[in-house]
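Chemist: Residue numbers are given in this note's numbering: position 99 of the sequence shown equals residue 123, and the series is strictly consecutive.
Simulated from the structure, these hints should not be mistaken for laboratory data.
Careful, some of the hints might be misleading.
Label-pair restraints from in silico Cβ distances [claimed, not checked]:
#1 S421 x T196: 24 to 34 Å
#2 Q411 x G141: 43 to 53 Å
#3 D195 x V314: 49 to 59 Å
#4 S244 x P179: 29 to 39 Å
#5 P179 x Q411: 27 to 37 Å
#6 P402 x R103: 39 to 49 Å
#7 D245 x R399: 55 to 65 Å
Below 25 Å or equal to it, Euclidean Cα-Cα: the simulated SDA-like pairs (lysine to any residue) are [claimed, not checked]:
#8 K85 x G197
#9 K199 x Q162
#10 K315 x K351
#11 K351 x S307
#12 K351 x S278
Built from N, CA and C at the ideal position, the CB exists for glycine as well.
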Amino acid sequence: MFVHSCQAMRQAEQTAIGREGVSSASLMQCAIDHAVDVLRRDVLFADVVRRFPCAVVYVGKGNNAGDAIGIAHALGFRRTLLRCAETVEMMSPEARHRLELVPSGCLVISRERPQIGAEGALFIDGLLGSGARGELRQEYAILVQELNSLRASSPRSITLAVDIPTGLQADTGAKSEFSVRADATLAIGCVKPGMLVDGAEDLVGRILCVPLPEADPGESDLCVADEGLLQLLPRRAYSCFKNCAGRVRILAGSPGLIGAACMASEAALHAGAGLVELYCPRSIYSILAVKAAPEVMVHGVQNISEVPQQGAQALLVGPGLGPLQKKEAEAIQELWRAVDCPVVLDADALNAIAAHGLSLPQQAILTPHPGEMRRLFPGSVELSRTQTALQFAIENSCTLLLKGARSIVTDGVSMCYNSSGGPFMATGGQGDVLAGVVAALAAAGLSCFHAAALGAYLCGRAAEQVWAYRGFPQSVPSTSLLPYLTAAV
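Whole structure, please, built from the sequences with the hints as guidance.
Modeler: Okay, structure coming up:
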């Protein structure tokens, strides 16, 4: 989904309403229908009606209130509590119309703080939409504090923001003194720039992209990865065999860091690579030969010069290599500069670049976490994550996947933010899995930018599926993603 300003989205809506047969009310109905479709397919919201006895909807007076009321009703809640910042009479005509559509007895306007039981509730933030500006008025601030307090005291509950969390400025990302902390936000029609600034992720939560083709603001160079990226995967011919499905060559592993090599190579398999070759130090060959997936071809080498320079469609260097001496680093540099395929550089390969000033290959995909990024680009401490990623990619003519709560992918021209995954992925080894997936996608023929963007999205999707299957635990071990990568695709 593309990123656009509030003005661009508003213009698209006005253009749509100007067409014959399209009204503000009918456009609201389309937005509600699309939003509910997304929620019913999402791992966290698919069964909210069964999990929670009620929905508590917080509304103001604008059309955002109508969206929130309509979504709660369309999901099928038999009991919805409405907490209003304004009187019903002050609501927009479209919002009042949504209220009238809710059957009598299904919705109760509550004038007191709701009592939420141990089973929790779904909280829906429809207080203010993306057009809101300035500090919150007192009546809105009180309800925001109440919503956040109920969420904090009810661990099973979920907060869903409609379009933008109340208190967060849609275009700038400026935060009010009081802002809703959502677990997920429905981005209707487009993602607003303010949702992507540093620090906004703790208010926005997961971004659920809701297409609104009836009022489409068009394309831009800035996007958020969603399931539409799957269209980039090439359809295999019926006659396809392993040698035309992508050969991935991996240089990884060292004593004490064997798991990284295993996870990266197996991830490449599950992401569709036809052949995966794992080159490791000879000292750990006997262990990796047994521990790696049976399909992985393991080779022990004494020197980097023994690693073939030709024959692979993607090269991955770094997971678990350990600290590299200057001569070792320079030998690896000679390898990646000699190959004629995309090169994914992760973990200790990145540390070697920072420590020894190595030059990058022509088709480089770098996958640093924030600590590695600071070592690669010390000046980044003065910049935002977006500025850091863009400036580094431009200066080094590479594709950068800057990992984090909202991973950023850029090649210096286009930029994509990942929408999948969550804090349950804060476990060791996730980067090794990601590197293997990106390498497999690059070997399949995707551009470096698209391989990185789709790789980040698929790993997040796989983690979401594990998270749901295991009952939404605090964390998801990295190895548990591996069998779910295929399902994510």
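Chemist: For the range 24 to 34 Å, tell me whether the beta carbons of S421 and T196 fit it or not.
Modeler: Holds, since S421 and T196 (Cβ atoms, about 31 Å apart) stay within the stated range.
Chemist: Against the range 29 to 39 Å, how does the distance between the Cβ atoms of S244 and P179 compare: consistent or not?
Modeler: holds (38 Å)
Chemist: K351 and S278 were given as a pair; does the straight-line alpha-carbon distance stay at or below 25 Å?
Modeler: Holds, at about 17 Å.
Chemist: For the range 49 to 59 Å, tell me whether the beta carbons of D195 and V314 fit it or not.
Modeler: The hint (49 to 59 Å, Cβ to Cβ) holds, given that D195 and V314 are roughly 55 Å apart.
Chemist: Sort out whether S307 lies within 25 Å of K351, counting only the CA atoms.
Modeler: Given that 25 Å is the threshold and the Cα spacing comes to 19 Å, the pair holds.
Chemist: Is the Cα-Cα distance between K315 and K351 25 Å or less?
Modeler: violated (29 Å)
Chemist: Between P179 and Q411, does the beta-carbon spacing fit 27 to 37 Å?
Modeler: holds (36 Å)
Chemist: May I ask you to test the hint 55 to 65 Å on the CB atoms belonging to D245 and R399?
Modeler: violated (28 Å)
Chemist: CB of Q411 to CB of G141, is that within 43 to 53 Å?
Modeler: Taking Cβ atoms as reference, Q411 and G141 lie about 46 Å apart, which means the hint holds.
Chemist: Is K85 close enough to G197, meaning Cα to Cα at most 25 Å?
Modeler: holds (22 Å)
Chemist: Hinted pair, alpha-carbon criterion (25 Å max): K199, Q162. Please report holds or violated.
Modeler: Cα-Cα ~16 Å, so holds.
Chemist: Using the C-beta atoms of P402 and R103, is the stated range 39 to 49 Å upheld?
Modeler: Once the Cβ atoms are compared, 56 Å apart, the range 39 to 49 Å for R103 and P402 is violated.
When each numbered hint is compared with the structure, violations occur for hints 6, 7, 10.
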